[in-house]
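Chemist: Single-letter residue listing:
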Amino acid sequence: MADSLVPVLEAQERMDTDKMWVIWGPQHPFSHGLWTLKLQIDGEFCTDADPIVGYLHRGWEKETENRDYARIIPMTDRLCYCASMTYSHLYCMTVEKALGIDIPEKAKYIRIVADEVCRIQSHLMWLAAVGTDMGNLTVFLWSMREREYFLDLNVKLCGARMTTNYPRIGGVRNDTTELFDRDILRTVDRFEKAMWDIIYLIDDSSVFVSRMRNISFLTREQCANMGLTGPAMRGCGVDFDIRRDDPYDNYDKIDFEVPVLNKDTKVGDTYDRYMIRIEEMFQSCDIIRQAVKKIQALGKNAPYRIKTPTKVPAGTTFGRLEDPRGESIMYLASDGTDKPYRLKVRSPIFTNVSCSKAMCKGVRIADVPAVLAQIDMCLGETDR
Amino acid sequence: MVEYSSLLDWIRFIDPNTNPYTPFLSDNLPYDIAYGLWEIIGGTLAWLVNLLFPNNVVSAWLIDERTAVMFALLIFMLLIFIVAFVVVLLNLWMERKVLGRLMDRRGTMIGMKGFLQCVADGLKTFMKENTIPAKVDKMTYIWCVSLIVGLSCLVACMVPLSDRWYVVNYDTGLLIIMAFYALAPFFILVSGWAQNNKYSLIGGIRAAELMISYEVPMLIIIATISLLAGSFNINDIVNLQDTVWFVIPMFLGFIVFFFCAIAECERPPFDIAEAETELVEGWQTEYAGMKWGLIMLADYLRGSVSCGMVAIMFLGGWTIPFIGGTALPEIVFLIKAWFVFFLMIIVRGAIARVRPDQILNIGWKVFMPLAVINLAIAVFLKMGGIY
Amino acid sequence: MDMSLYPHAVAMSADEFMTWSDAIINDLLSTGTKKTVDKLTGPIWAWGMKNSMHPLHWGLACCALEMAAASAPRYDAERYGMIYRSSPRQTDILLVNGWISKKIRPDLRRLYEMIPNPKWVVAMGECAISGGPWYDSYNCIQGLDQIVPVDVYIPGCPARPDAMIDGFMLLQKKIEDYFRRGNFMED
Amino acid sequence: MAEVYQSPSVDEIKQALTSNFPDVEIISTEERRVKAKCPREISHDVCQFIHDNLTFEHCSVVTAVDYVDHLMVVYLLANYYNGVMIDLNVDVPDDDLHIACVTDIWQGANWHERETWELFGIVFDNHPRLERLLTPQNYEFFPFRKSYKMRSQE
Chain A
49 MADSLVPVLE AQERMDTDKM WVIWGPQHPF SHGLWTLKLQ IDGEFCTDAD PIVGYLHRGW
109 EKETENRDYA RIIPMTDRLC YCASMTYSHL YCMTVEKALG IDIPEKAKYI RIVADEVCRI
169 QSHLMWLAAV GTDMGNLTVF LWSMREREYF LDLNVKLCGA RMTTNYPRIG GVRNDTTELF
229 DRDILRTVDR FEKAMWDIIY LIDDSSVFVS RMRNISFLTR EQCANMGLTG PAMRGCGVDF
289 DIRRDDPYDN YDKIDFEVPV LNKDTKVGDT YDRYMIRIEE MFQSCDIIRQ AVKKIQALGK
349 NAPYRIKTPT KVPAGTTFGR LEDPRGESIM YLASDGTDKP YRLKVRSPIF TNVSCSKAMC
409 KGVRIADVPA VLAQIDMCLG ETDR
Chain B
141 MVEYSSLLDW IRFIDPNTNP YTPFLSDNLP YDIAYGLWEI IGGTLAWLVN LLFPNNVVSA
201 WLIDERTAVM FALLIFMLLI FIVAFVVVLL NLWMERKVLG RLMDRRGTMI GMKGFLQCVA
261 DGLKTFMKEN TIPAKVDKMT YIWCVSLIVG LSCLVACMVP LSDRWYVVNY DTGLLIIMAF
321 YALAPFFILV SGWAQNNKYS LIGGIRAAEL MISYEVPMLI IIATISLLAG SFNINDIVNL
381 QDTVWFVIPM FLGFIVFFFC AIAECERPPF DIAEAETELV EGWQTEYAGM KWGLIMLADY
441 LRGSVSCGMV AIMFLGGWTI PFIGGTALPE IVFLIKAWFV FFLMIIVRGA IARVRPDQIL
501 NIGWKVFMPL AVINLAIAVF LKMGGIY
Chain C
563 MDMSLYPHAV AMSADEFMTW SDAIINDLLS TGTKKTVDKL TGPIWAWGMK NSMHPLHWGL
623 ACCALEMAAA SAPRYDAERY GMIYRSSPRQ TDILLVNGWI SKKIRPDLRR LYEMIPNPKW
683 VVAMGECAIS GGPWYDSYNC IQGLDQIVPV DVYIPGCPAR PDAMIDGFML LQKKIEDYFR
743 RGNFMED
Chain D
73 MAEVYQSPSV DEIKQALTSN FPDVEIISTE ERRVKAKCPR EISHDVCQFI HDNLTFEHCS
133 VVTAVDYVDH LMVVYLLANY YNGVMIDLNV DVPDDDLHIA CVTDIWQGAN WHERETWELF
193 GIVFDNHPRL ERLLTPQNYE FFPFRKSYKM RSQE
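Going line by line, the protein sequences match chains A, B, C and D.
My numbering puts the first residue of the first sequence at 49, with every later residue one more than the last.
My numbering puts the first residue of the second sequence at 141, with every later residue one more than the last.
My numbering puts the first residue of the third sequence at 563, with every later residue one more than the last.
My numbering puts the first residue of the fourth sequence at 73, with every later residue one more than the last.
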């Protein structure tokens with residue numbers, strides 16, 4: 049009997065299907081940005097993935113070594129163009145820390161407001177990307193419609209739609225404009241209502257939910273070890289938010305909840321990672337309301353910017369901030385001149401992309417865009 | 141030979157049914173129109189030729205009954221195709237406008253409220269370079285397009301618009317339409333292979349995967365309907381619905397058939413063969429210019445056939461309950477078909493694309509039992525003597 | 563009847579056919595038929611092409627977000643028949659909206675070659691026009707026109723959606739000129 | 073081995089590091105921040121200790137700074153329970169650019185190390201895949217070194 053099994057096994061071996069490498073990118077509709085994903089597929093299943101980045105590398109860090117401190121701010125806007133304010137905020141915060149100065153209260157609150165507006169707008173861009181990745185253009189267009197209102201707030205605050213060039217070392221460029229607080233509260237109220245339209249469209253549709261449920265599980269340990277940060281990490285049970293646990297710029301004076309899912313089970317799937325961002329948008333609305341109240345309490349004539357020296361004393365320091373996509377860090381080594389000696393940017397996506405191998409293993413091809421959409425690609429900051 | 145001098149002597153406007161060679165057994169409006177047109181054209185030509193060369197053979201041949209049937213059939217073909225084509229353009233226009241409105245946009249706005257957009261697209265694909273990638277299997281690459289487009293045109297022409305607007309009136313009309321309709325996925329599979337592109341290969345395989353999942357419930361429902369009607373003849377099926385549409389007793393069947401019809405013409409949410417985010421353009425990735433334009437046209441032709449089938453089988457075709465036939469049954473039929481297409485657009489706007497394995501699941505675990513339940517209901521109705 | 567006197571009446575070899583058809587085309591070109599046909603058909607083709615511009619769905623950098631915003635409800639570029647296609651074979655316009663690094667340069671050229679004729683290239687934003695803020699980078703190309711011929715430049719950093727739509731309307735004029743110039747029997 | 077802290081305070085970190093590794097030098101501390109310096113030979117052991125015993129699960133950054141005469145590798149390590157970060161600096165001499173790889177401790181350090189190698193030329197020993205990541209494969213210089221001048225710097 050045992051002998052007769054041998055030819056059968058051989059036949060099975062011969063019937064093995066070949067694995068195939070499919071290369072997605074650099075021009076591919078799923079890559080929101082410019083990167084390549086090499087996928088090894090076995091039938092409909094992915095068995096391996098190899099992300100390739102660097103198509104947008106322009107030596108950002110090297111170029112900053114040739115600019116004044118003040119002239120780097122517009123460049124930081126172009127690091128992550130979905131949420132440009134967070135990076136200029138982070139940069140200014142890092143330099144202020146190196147200078148050892150404290151900025152006015154009002155500037156801190158304005159930065160918080162601007163940050164959260166950017167967070168909502170970036171998450172809406174992400175939602176739009178989820179819509180196209182899932183094959184539903186309605187979600188894309190509806191969230192783009194909502195995003196325009198927040199871009200209008202940017203215009204109202206500083207005159208530019210996306211690359212705002214607004215924070216300054218030692219404060220912000222200008223005070224809040226007239227009626228800005230009224231407009232922002234109206235926009236936020238309106239947004240909270242309109243958001244439910246999109247949520248009904250997605251969460252009430254079993255197709256949407258079943259496409260995200262039960263695929264690409266990540267455990268808490270995996271997330272921490274691989275360096276996956278941001279909403280994706282909080283969906284998998286890591287209870288950590290820099291705004292709460294390592295507060296900067298008066299976030300400790302604001303009362304808000306950090307949405308975390310699966311605190312007990314410590315395993316999260318794609319749908320959890322999706323839910324976190326939706327929750328975060330509502331939390332951001334809350335933060336905006338509180339911060340606007342604080343700005344109003346400070347009065348119109350409160351200072352919003354202080355003079356700072358142009359030269360930064362020698363030494364190394366770093367600032368840390370909760371980006372819409374995760375943990376971003378700027379590491380500044382200065383040598384006492386008016387130009388940074390070295391400025392390193394830690395972009396959350398850079399590490400998150402490296403996790404795509406673990407995220408894509410074992411899922412179907414059709415799920416790969418849905419899984420990777422939860423990273424929320426922004427290649428400008430990844431490649432730098 | 142009679143001496144013909146006046147033009148009106150040459151154009152006689154006889155009833156085509158008195159022509160012994162008429163291929164149609166019953167009234168056929170497009171054929172009547174085509175016959176009348178040919179009488180005008182052929183008569184005028186014959187008159188002109190007769191003026192120059194009296195008593196020649198050619199003018200006699202031109203007004204011969206057999207010649208008239210031949211040319212009338214040619215014009216008839218053109219007429220049927222043009223009507224199907226215009227219906228498809230209207231479908232396309234409706235899709236763009238309705239989808240635009242669903243998404244808070246205006247849709248396209250080029251000429252005549254956006255209707256000319258598809259004409260512009262067509263002209264543009266005409267202008268584009270006809271590229272054939274270097275490493276494709278050229279024969280299959282080109283022939284598959286022709287077959288897909290040709291079959292789709294054929295099927296679109298075969299759907300009758302009313303009992304007087306049809307191409308053939310076989311007793312097995314429904315089956316023939318379905319048979320031609322189900323052929324296209326094979327050619328999609330072959331063309332996906334021929335393109336030497338991994339995306340299109342996966343797309344082609346997915347088209348085959350899609351086919352085995354919805355074709356069976358779809359055929360069961362067609363069998364159910366023909367069981368109720370007692371024949372596969374489209375006329376019989378429609379005539380049976382002059383009081384109650386089949387959508388009321390066969391509601392389950394309607395739902396299942398509607399979604400299967402969406403899957404059959406590979407429209408979103410069942411467009412896994414050309415799933416944009418995964419497979420760029422799926423099995424059409426390497427097609428460019430005119431070929432791609434024709435493929436898009438074929439897609440919409442198949443869409444309009446799907447809608448027509450739903451209208452015939454469940455919504456009473458060209459009849460209105462208790463009134464029966466109207467003066468313009470074609471318009472009644474088209475309005476119903478467009479309503480079904482409108483529903484399809486709404487579904488497209490609301491639902492995300494489903495996964496291939498989900499389609500298999502839905503096809504075999506949901507649609508299949510529902511179709512069988514539907515069949516059971518039909519059997520009970522038949523036994524109860526209601527139909 | 564001696565068929566050898568009329569070899570062309572039965573069949574032609576490929577070479578013979580080519581010389582014969584070349585002669586006919588040259589006759590047509592020299593007698594002004596081309597001009598007439600162009601004059602008659604040019605506006606139709608121009609109208610078709612300019613109302614059905616299909617740019618390549620390819621987002622590089624900041625301007626890609628504005629490209630997405632341009633097709634969103636507020637700006638709605640689909641009114642002009644602009645639909646983004648993902649496969650370069652089905653597009654007419656290569657829209658480059660970002661800086662071009664040395665790593666993407668060969669791919670960009672390849673994408674350009676893959677688009678069937680007639681095709682146009684639009685450089686959107688400072689980076690694609692001249693390198694923009696990355697003028698001294700070691701890894702960036704200073705301008706798209708160093709790789710492919712560019713038809714329309716849309717300035718801005720990033721260019722606003724309205725600027726982008728304006729740029730595409732300029733491109734429509736260019737398309738019209740292209741077809742007015744005539745392309746009958748150009749192949 | 074020493075006891076395991078899940079959520080160590082700054083003082084505890086300082087104490088644990090200096091008692092277990094006499095060569096580690098604590099440069100400065102502030103609220104939720106510890107800055108330490110360690111010699112190259114024990115960097116891997118220190119990282120292992122920080123990961124296992126101080127529960128620093130997350131490696132935020134691995135990068136380098138070029139001080140012309142020597143290079144400094146910087147590790148920024150984070151704790152997920154109380155938000156404390158350790159800034160661990162390791163000096164690497166200019167003529168022998170080798171340092172132990174920490175990818176076996178934190179997988180997240182993988183790409184950071186690849187990036188640091190391609191931009192600075194610091195070789196991480198035992199790295200699973202030390203290839204060019206951001207720049208084209210045919211680059212043969214290390215652009216972030218101070219010796220490489222950009223066009224406008226010349």
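Hints were generated in silico from the structure; no laboratory data involved.
Among the hints, erroneous ones may be present.
Stated by the list, open to error - Calculated pairs, DMTMM-like style, for lysine to aspartate or glutamate (alpha carbon to alpha carbon, straight line, at most 20 angstroms): (1) C/K664 with A/E109; (2) D/K107 with A/D383; (3) A/K204 with C/D724; (4) A/K341 with A/D383; (5) B/K338 with A/D90; (6) D/K218 with C/D698; (7) D/K218 with A/D383; (8) C/K681 with B/E269; (9) D/K221 with D/D141; (10) D/K221 with A/D98; (11) A/K301 with A/D98; (12) D/K221 with C/E578; (13) B/K338 with A/D98; (14) A/K405 with D/E203; (15) A/K405 with D/D141; (16) A/K387 with C/D698; (17) A/K241 with B/E269; (18) D/K218 with A/D98; (19) D/K221 with A/E113; (20) C/K736 with B/D244; (21) A/K86 with C/D669; (22) A/K145 with D/D141; (23) D/K218 with A/E113; (24) D/K221 with A/D116; (25) A/K86 with D/E203.
Said to hold, decoys possible - From the structure, some residues in chain A lie toward chain C, with a derived Cβ separation under 8 angstroms: (26) V203; (27) T211; (28) N213.
Glycine included, C-beta positions come from ideal geometry on N, C-alpha and C.
Chemist: Determine for every hint whether it applies to the structure shown.
Modeler: The hints, checked one at a time:
1. Proximity of C/K664 to A/E109 is assessed by CA-CA distance (about 17 angstroms); at most 20 angstroms being required, the pair is judged to hold.
2. For the hint pairing D/K107 with A/D383, the CA-to-CA distance comes to about 18 angstroms; that is within 20 angstroms, so the pair holds.
3. Restraint check for A/K204 and C/D724: the C-alpha separation of about 18 angstroms stays at or below 20 angstroms, so the hint holds.
4. About 40 angstroms separates the Cα atoms of A/K341 and A/D383, which puts this hinted pair outside 20 angstroms; it is violated.
5. With a C-alpha separation of about 13 angstroms, the suggested pair B/K338 and A/D90 falls inside the 20 angstroms cut-off, and the hint holds.
6. Between D/K218 and C/D698 the alpha-carbon distance is near 15 angstroms, which keeps this suggested pair within the 20 angstroms criterion.
7. With a C-alpha separation of about 13 angstroms, the suggested pair D/K218 and A/D383 falls inside the 20 angstroms cut-off, and the hint holds.
8. At most 20 angstroms may separate the alpha-carbon atoms for a hinted pair to count; C/K681 and B/E269 meet this at roughly 10 angstroms.
9. Using a Cα cut-off of 20 angstroms, the hinted pair D/K221 and D/D141 holds, with the two alpha carbons roughly 17 angstroms apart.
10. Taking the CA atoms of D/K221 and A/D98, the gap is about 33 angstroms. The hint is violated against a cut of 20 angstroms.
11. Using a Cα cut-off of 20 angstroms, the hinted pair A/K301 and A/D98 is violated, with the two alpha carbons roughly 43 angstroms apart.
12. Among the hinted pairs, D/K221 with C/E578 is inconsistent with the structure: their alpha-carbon atoms are about 64 angstroms apart, more than 20 angstroms.
13. For the proposed pair B/K338 and A/D98, the alpha carbon gap of about 17 angstroms is at most 20 angstroms, so the pair holds.
14. Taken as a hint, the A/K405 and D/E203 pair is honoured in the structure, with Cα atoms around 17 angstroms apart against an allowance of 20 angstroms.
15. For a cut-off of 20 angstroms, the pair hint linking A/K405 to D/D141 is broken: about 38 angstroms separates their Cα positions.
16. Between A/K387 and C/D698 the CA atoms are separated by roughly 16 angstroms; this keeps the pair inside 20 angstroms, and the hint holds.
17. Between A/K241 and B/E269, the direct Cα distance comes to roughly 49 angstroms. Violation of the 20 angstroms bound is thereby established for this hinted pair.
18. As the CA atoms of D/K218 and A/D98 are separated by approximately 32 angstroms, the hinted pair breaks the 20 angstroms bound.
19. The suggested pairing of D/K221 with A/E113 holds, with an alpha-carbon distance near 10 angstroms, which does not exceed 20 angstroms.
20. Simply put, C/K736 and B/D244 have alpha-carbon atoms about 31 angstroms apart, too far for the 20 angstroms limit, and the pair is violated.
21. With a CA separation close to 16 angstroms, the supplied pair A/K86 and C/D669 stays within the 20 angstroms bound.
22. Proximity of A/K145 to D/D141 is assessed by CA-CA distance (about 27 angstroms); at most 20 angstroms being required, the pair is judged violated.
23. Annotation: proposed proximity of D/K218 to A/E113 holds, straight-line Cα distance about 10 angstroms (limit 20 angstroms).
24. A hinted pair counts as satisfied when its Cα atoms are at most 20 angstroms apart, and D/K221 with A/D116 qualifies at roughly 17 angstroms.
25. Our distance criterion of 20 angstroms between C-alpha atoms is met by A/K86 and D/E203, whose separation comes to about 16 angstroms.
26. This hint is violated: A/V203 has a C-beta 10 angstroms from the nearest C-beta of chain C, more than the 8 angstroms allowed.
27. Nearest Cβ of chain C to the Cβ of A/T211: about 6 angstroms, under the 8 angstroms cut. The hint holds.
28. Interface hint status for A/N213: violated, as the beta-carbon distance to the closest one in chain C is roughly 10 angstroms, over 8 angstroms.
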